[in-house]
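Fit chain B to the known structure of chain A by using the hints.
One letter stands for each residue in the lines below.
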Amino acid sequence: MARVVGAPYLRASGQAVGCNLVIDGVTSDGVLKGFSYQAFVQVSWRGRIDLKQFRHETGLPPDALCRAALHCVSEPVGVVLPIAVHDFDLDGDETSISLLGEIGGEQLGDSATFVQIISLSERGGAPAASFLSAKLVGSILWEDSRSVRVRGTGGTMAVHAQNFAEGGLPVSADAPWYLECRTADPSASAASSVVLFVNTTFPHVVAALENRRMGGAPSALSEEVYADVEMQMIRRAVFETDLDSSADYPPGSIGKILVQHALRTNYALDELREMSASHPDRFEALLLGFCRSRLLRQRVLS
Amino acid sequence: MILYPQVPSARQALESEKAIGDVSAPSLSQSLLDSLDFTSSGGSRATILDLRSVRDTVTSVAASHGFPGRPVTARTVPALDADLTRAFCRSTELSVGEGSLPGLWVFMCAILLRDVVNWRWGGEAIVDRFRAGRRNTFYRYWYRGLVLRDDDNHADPYWLIGKLGEDNLVQIAERPYLAGNRDIARAMAKALVGRFDSDVVPQQLLVRDAMARANRAGAILAVRTFRGEAADHFAKQIVEASVSALKRTA
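Protein sequences, first through last, are from chains A and B.
1 is the number of the first residue of the first sequence in our numbering; add one for each residue after it.
1 is the number of the first residue of the second sequence in our numbering; add one for each residue after it.
The shape of chain A in the complex, shown without the other chains (with noise of 0.2 Å):
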């Protein structure tokens, strides 16, 4: 897959902005509480710009405008929902944000990832502090977001039982579980992408994952299951050789979920692909480790 470049210029940092962004019903384990089609989703952003910084980060002077854009992307359609805007320019020392906004919960699918962008909306007469200091209209001066999901509870995989005698999986139907991982579009949401296929002719094994997505401890069986699917989602982000490390993947689209769990293992993509065509011993050697003595010392430290 191609890199986008992006033309150098100067972006704003966190201390510059506030970016104190807040979603009604989300719990702190970015679940959003009583999603319904009928339920509108509050979302604020209140914060302080400290625009001397700003400026001197960005190199922008005072008269330049900016435009502060609060908006809502809902995966896995990945329809963008405008929120709210405001503009400003970057005289004075500090000025100060409120976006108020709602979503109505029928425009939400499986995530929902909210958005917060300064981009430069008109370049003031006065000359800029660098020749590196944005240009164009639109320019993103400044970006954060935040991802949460929406329907259900669970993890983002989604895992479902059925019997795999009755056939439409490419598996064995003595297989115990199967992991589907779709990469053909690796900007899709990664919720709607992976899904573990557990047989019902292991009546344990179904029980064990269902046991641990309802809260319960975790068991060697169910580690054994999440290990061995960590290690085929490190394989698919290895073999997968569209996927690229530096690529600007949406966040919790398949693309960067299987580029996350690679980088987990402390060696870049491009080193993985190299061990696994040269030493594949050693490959597999890193992947067993990594997989299997994490979920045992996690085991152990819990």
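Quick caveat, the hints were computed from the structure, so don't treat them as lab data.
Model, not experiment: these values are computed from the prediction.
This list has only true hints and no planted wrong ones.
Simulated DEER-style distance windows between Cβ atoms:
1. Glu229/B x Phe131/A: 28 to 36 Å
2. Asp228/A x Thr73/B: 46 to 54 Å
3. Ala126/A x Leu205/B: 37 to 45 Å
4. Arg90/B x Val171/A: 35 to 43 Å
5. Gly66/B x Lys33/A: 46 to 54 Å
6. Val77/B x Asp248/A: 27 to 35 Å
From the structure, some residues in chain B lie toward chain A, with a derived Cβ separation under 8 Å:
7. Ser95
8. Tyr143
9. Arg227
Here are some chain B residues the structure puts well away from chain A; computed CB gaps all over 10 Å:
10. Thr47
11. Val61
12. Gly69
13. Ala79
14. Gly122
15. Asp150
16. Arg208
We put the beta carbon where it would ideally sit given N, CA and C, even for glycine.
Chain B only, in chain A's frame:
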């Protein structure tokens, strides 16, 4: 809002496989509906009459293109797809929330309209045309209708679909970063269609070049925040830049 049935997760793979090559009309019964899931609240559940209405609307449009007897040809596909998009979007009026449900799309393609899907793909429908995902036949129609619906054109809000054709639609609608902003998707489509009549450059080349430019611009510009006039202005700039570049290389 009407809530449509969803095939339960555990049955989706099986139903999708079963639908391949099945050109029989579905038997819509209460027992079938009882075996399916629905969103728990937020609207009224589709009745058999509602489902028949959707099916009748879609099949009558398909019939005007030869369904079920006359095979679909490459020449008739663009008009057929545009008409099916119109018919499906108008008859279902699905919200984004309902459109996010995988089971709903398996129901639409593997049960309610399986004969139309099989006919549309000329007996070569692969399982992806029935199962949930971006390649699901009616999901594609719905998504294209969603992002390219032009409410300024009261007579035919879906006119852009018919003008663009399959390859160009793929270029626009299957770039989720850009298409997600419906104002940008519409503005790009309108700006491109506005240039189709001129004999400057081949349509497909123009669309490919312009969408690649727009995608690159998205790396540095807040394209997803552009609305209304800003979106139109952005689209015009991109398309004119493409035309100029292609003219130079022609």
